[in-house]
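Each protein sequence line maps, in turn, to chains A and B.
Converting from the first sequence to my numbering requires adding 81 to each position, the first position being numbered 1.
Converting from the second sequence to my numbering requires adding 31 to each position, the first position being numbered 1.
Don't take each hint at face value.
[Unchecked claim] Reference excerpt, derived from the structure (chain A facing chain B, CB under 8 Å, subset only):
#1 131
#2 149
#3 209
#4 217
#5 248
#6 279
Since the hints were derived computationally from the structure, they do not count as laboratory data.
As the structure is a prediction and not an experimental result, all values here were calculated from the model.
No residue lacks a Cβ here, since even glycine has one placed at the ideal position from N, Cα and C.
Single-letter residue listing:
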Amino acid sequence: MNLFTRDQIAERVARDIPDGAYVNLGIGLPTRVANYLPADREVFLQSENGLLGMGPAPARGEEDWDLINAGKQAVTLLEGGCYFHHADSFAMMRGGHLDICVLGAFQVSVRGDLANWHTGDPDAIPAVGGAMDLAIGARRTFVMMDLFTRDGACKLVRTCSYPLTGLACVSRIYTDHGVFDITPQGAVAFDLCEGLTIDHLGAITGLDIVDGQPFHS
Amino acid sequence: MIDKGVESAAAAVADIGDGASVMIGGFGTAGMPDQLIDALILRGVGNLTIINNNAGNGEAGVAALIKAGRVRKIICSFPRQADSHHFDAAYREGRIELELVPQGNLAARIHAAGAGLGAIFTPTGFGTLLAEGKETREIDGRQHVLEYPIHADFALVKADKGDRWGNLVYRKAARNFGPIMAMAARTTIAQVSEIVPLGALDPEAVVTPGIFVQRVVRLDSITLAATT
């Protein structure tokens with residue numbers, strides 16, 4: 082089995098982002114999607130701290146620390162981009178104006194419940210940021226993650242054991258094993274990595290996975 | 032003549048007392064009014080309730096206030112960061128109370144206070160730990176959580192330019208919580224890098240109307256990077 086690399090997953094996500102979409106890429110792995118947005122598409126990147134039309138990182142030495150992204154890294158603003166305050170920024174999410182957000186996850190349930198902010202460890206200092214607003218606010222919430230933890234636990238689950246970020250909010254999951262759509266019929270898998278079959282995927286996840294390949298060939 | 036200009040950071044914060052609730056603008060270091068916070072530390076008051084998106088970065092600003100032991104409680108969305116060591120230590124030692132609020136609910140609750148709303152119903156957080164024990168209601172087929180406004184005695188914000196009537200414009204993403212905190216506090220103190228004559232700010236581009244601002248103080252500052 083030839084798992085997809087993180088860059089391949091990012092590239093796969095980017096393929097599903099249409100021209101003209103308003104998109105928020107969560108901190109961490111999802112920011113990598115920006116590297117693969119095709120040059121012939123105009124996509125508006127939103128950053129929760131008050132940017133629309135966010136551009137790439139500036140050249141070293143050109144950083145302006147009043148111009149940062151949600152991960153507090155220096156960024157730039159494209160021509161036509163704009164600034165706004167936090168109430169407007171989260172109105173864009175909650176108000177259903179944002180087409181897509183891409184988030185990382187600890188766990189996603191087959192009903193689309195998302196857990197990505199807290200491990201529940203009593204020693205951990207909890208931090209939630211904008212994750213709960215993004216998860217339930219964007220019209221479509223994509224998750225980008227490895228299908229298994231380093232310890233071999235499947236992150237696509239029947240019921241999340243970690244504290245939830247949002248209920249029934251995830252529509253599609255991009256993983257190193259393939260892509261899953263969350264549907265009323267359950268998790269529908271397609272675009273599997275080389276050498277992986279639906280039966281094998283069902284066996285390693287312990288879930289009833291619906292074969293979506295005929296519809297995505 | 033109305034002149035909201037104040038001579039110094041010390042004079043601007045001179046009436047912030049023990050136990051005050053203080054909103055502090057900024058997302059990480061962008062928009063953090065470090066010089067006003069330094070003046071607040073020098074004043075020596077403590078037992079403060081601080082409202083900020085984070086819980087301090089590095090050594091300056093909110094981090095310095097926590098390090099000095101002046102903060103009893105912090106209301107924020109994202110305390111845990113690579114450079115939040117002063118908060119982390121205070122939290123683990125039980126010296127600081129944390130109210131964790133999803134970022135959009137934080138913004139909405141601050142805005143609600145400024146707008147005079149009694150409460151809001153928000154879909155964010157429904158069914159999660161952060162909504163436990165809170166009243167919920169189904170509206171138009173969607174579940175919402177009842178959240179109350181966050182008021183404060185003072186707001187310390189950093190803007191780029193201001194005039195003597197208190198009108199403000201901000202700089203890039205340093206705007207973040209400044210405009211809504213200015214609305215929500217009883218007394219808003221803005222540190223600006225330049226005080227300009229009346230009429231110099233384009234009325235079409237004023238971000239915070241002067242009615243929301245009580246004091247303006249000119250202070251030199253540069254924004255430093257947060258550790259990521």
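Do the hints match the structure? See the list:
About 5 Å separates the beta-carbon of residue 131 (chain A) from the nearest beta-carbon of chain B, less than 8 Å, and the hint is met. With 8 Å as the threshold, the beta carbon of residue 149 (chain A) comes within range of chain B, its nearest partner Cβ sitting at about 5 Å, so the hint holds. A distance limit of 8 Å between C-beta atoms decides the matter here; for residue 209 (chain A) the minimum to chain B is near 5 Å, and the interface restraint holds. Evaluation of the residue 217 (chain A) hint against chain B yields a held restraint, the C-beta minimum of about 5 Å falling below 8 Å.
Taking 8 Å as the C-beta cut-off, the interface hint given for residue 248 (chain A) holds, the closest approach to chain B being about 4 Å. With its C-beta approaching chain B no nearer than about 31 Å, residue 279 (chain A) sits outside the 8 Å limit, and its interface hint is violated.
The structure fails hint 6 only (numbered hints given earlier).
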